[in-house]
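Start counting at 1 in the sequence shown, then tack on 593, and there's your number in the numbering used here.
Hints in this document: simulated from the structure, not taken from any laboratory. Since the model is a prediction, treat every value here as computed from it, not as a measurement. By construction, the Cβ of each residue, glycine as well, lies at the ideal position given by its N, Cα and C atoms. Any given hint could turn out to be false.
Claimed, not checked - If you anchor each label on the Cβ, the simulated ranges turn out as follows:
{"no.": "1", "residue 1": "703", "residue 2": "626", "range": "33 to 39 Å"}
{"no.": "2", "residue 1": "776", "residue 2": "723", "range": "42 to 48 Å"}
{"no.": "3", "residue 1": "704", "residue 2": "635", "range": "15 to 21 Å"}
{"no.": "4", "residue 1": "719", "residue 2": "657", "range": "31 to 37 Å"}
{"no.": "5", "residue 1": "789", "residue 2": "737", "range": "21 to 27 Å"}
{"no.": "6", "residue 1": "791", "residue 2": "641", "range": "41 to 47 Å"}
{"no.": "7", "residue 1": "635", "residue 2": "790", "range": "18 to 24 Å"}
{"no.": "8", "residue 1": "635", "residue 2": "706", "range": "43 to 49 Å"}
{"no.": "9", "residue 1": "636", "residue 2": "738", "range": "51 to 57 Å"}
{"no.": "10", "residue 1": "624", "residue 2": "791", "range": "17 to 23 Å"}
What the hints assert, rightly or not - In silico lysine-lysine, BS3-like type, Cα no more than 25 Å apart, as pairs:
{"no.": "11", "residue 1": "624", "residue 2": "796"}
{"no.": "12", "residue 1": "769", "residue 2": "791"}
{"no.": "13", "residue 1": "789", "residue 2": "720"}
{"no.": "14", "residue 1": "756", "residue 2": "776"}
{"no.": "15", "residue 1": "789", "residue 2": "737"}
{"no.": "16", "residue 1": "737", "residue 2": "756"}
{"no.": "17", "residue 1": "738", "residue 2": "720"}
{"no.": "18", "residue 1": "692", "residue 2": "756"}
{"no.": "19", "residue 1": "723", "residue 2": "796"}
{"no.": "20", "residue 1": "743", "residue 2": "719"}
{"no.": "21", "residue 1": "769", "residue 2": "645"}
{"no.": "22", "residue 1": "723", "residue 2": "777"}
{"no.": "23", "residue 1": "737", "residue 2": "723"}
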Amino acid sequence: MKKLTCSLILAGSLAFGITTTNAEASTHTVKTGESLWIISNSNNVSISDLMKWNDLTSDELFPDQVLQISGKKNESASDSKTASKSSVASVKVVEQAMKLTGIPYVFGGTTINGFDCSGFIQYAFKKSGKNVSRTTLSQFAQSKKVTSPKPGDLVFFENTYRKGISHVGIYIGNNKFVHAGGKKSQVTSLNNSYWKSKFHSFKRL
């Protein structure tokens, strides 16, 4: 009788463990170098389903992006769903910003004819469905500081052409950001000696 009881308890524990594992496996955090093809094969799902479940408009992925890898969504995964929506929104911002590279820098510019740094931010976010304020200082006030940046977060710099917070870009991952700086909108490394010396903080809208 004792053996039968122990067997039932063990079986119940195993069943509970399997359920928990399946719930945890409903999302996937993208690692550096991974593609939709790799993720689809390792999780036995189609690329089209991955794009549909995550509202992706391209096959571009970014490190730490959270993807839904199952069409079944359970109540216990509410936090993961929120994170997934946030990641999708961030990807759209980066996609829009990258489309704007090469446009001339124009002080006070807010259109594709020319951008200044905050005008670039405002335009990219608006195109991705989110309204943000117009100036670098108001964007700084509107956002919240983060210590571990993700693609789509803002990166602020100080003491460039004026004292205090004076420049902003969009973090795109791999220690790089896209911004309207210099002669045009472009991607720049945070290891660049000038920008490294002016770095202030990462913030999230």
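Straight-line alpha-carbon gap residue 692 to residue 756, limit 25 Å: violated, 30 Å
Holds or violated: residue 723 to residue 777, with C-alpha atoms at most 25 Å apart: holds, 23 Å
Per the hint of 21 to 27 Å, is the separation of the Cβ atoms of residue 789 and residue 737 within bounds? holds, 23 Å
Assess, step by step, whether the Cα of residue 769 is no farther than 25 Å from the Cα of residue 645, and give holds or violated. violated, 28 Å
Can you let me know if the beta-carbon spacing of residue 636 and residue 738 is within 51 to 57 Å? violated, 34 Å
Is the distance from the Cβ of residue 703 to the Cβ of residue 626 consistent with 33 to 39 Å? Once the Cβ atoms are compared, 36 Å apart, the range 33 to 39 Å for residue 626 and residue 703 holds.
Need the status of pair residue 769, residue 791: alpha-carbon distance at most 25 Å? holds, 14 Å
Can you confirm whether the C-alpha distance between residue 624 and residue 796 stays at or below 25 Å? holds, 22 Å
What's the verdict on residue 738 and residue 720, does the C-alpha distance respect the 25 Å limit or exceed it? holds, 23 Å
Residue 756 and residue 776 were given as a pair; does the straight-line alpha-carbon distance stay at or below 25 Å? holds, 21 Å
So the hint says 31 to 37 Å: do the beta-carbon atoms of residue 719 and residue 657 match that? violated, 25 Å
Given pair status - residue 756, residue 737, alpha carbons within 25 Å: holds, 21 Å
Going through the hint list in order, the structure does not satisfy hints 2, 3, 4, 7, 9, 10, 13, 18 and 21.
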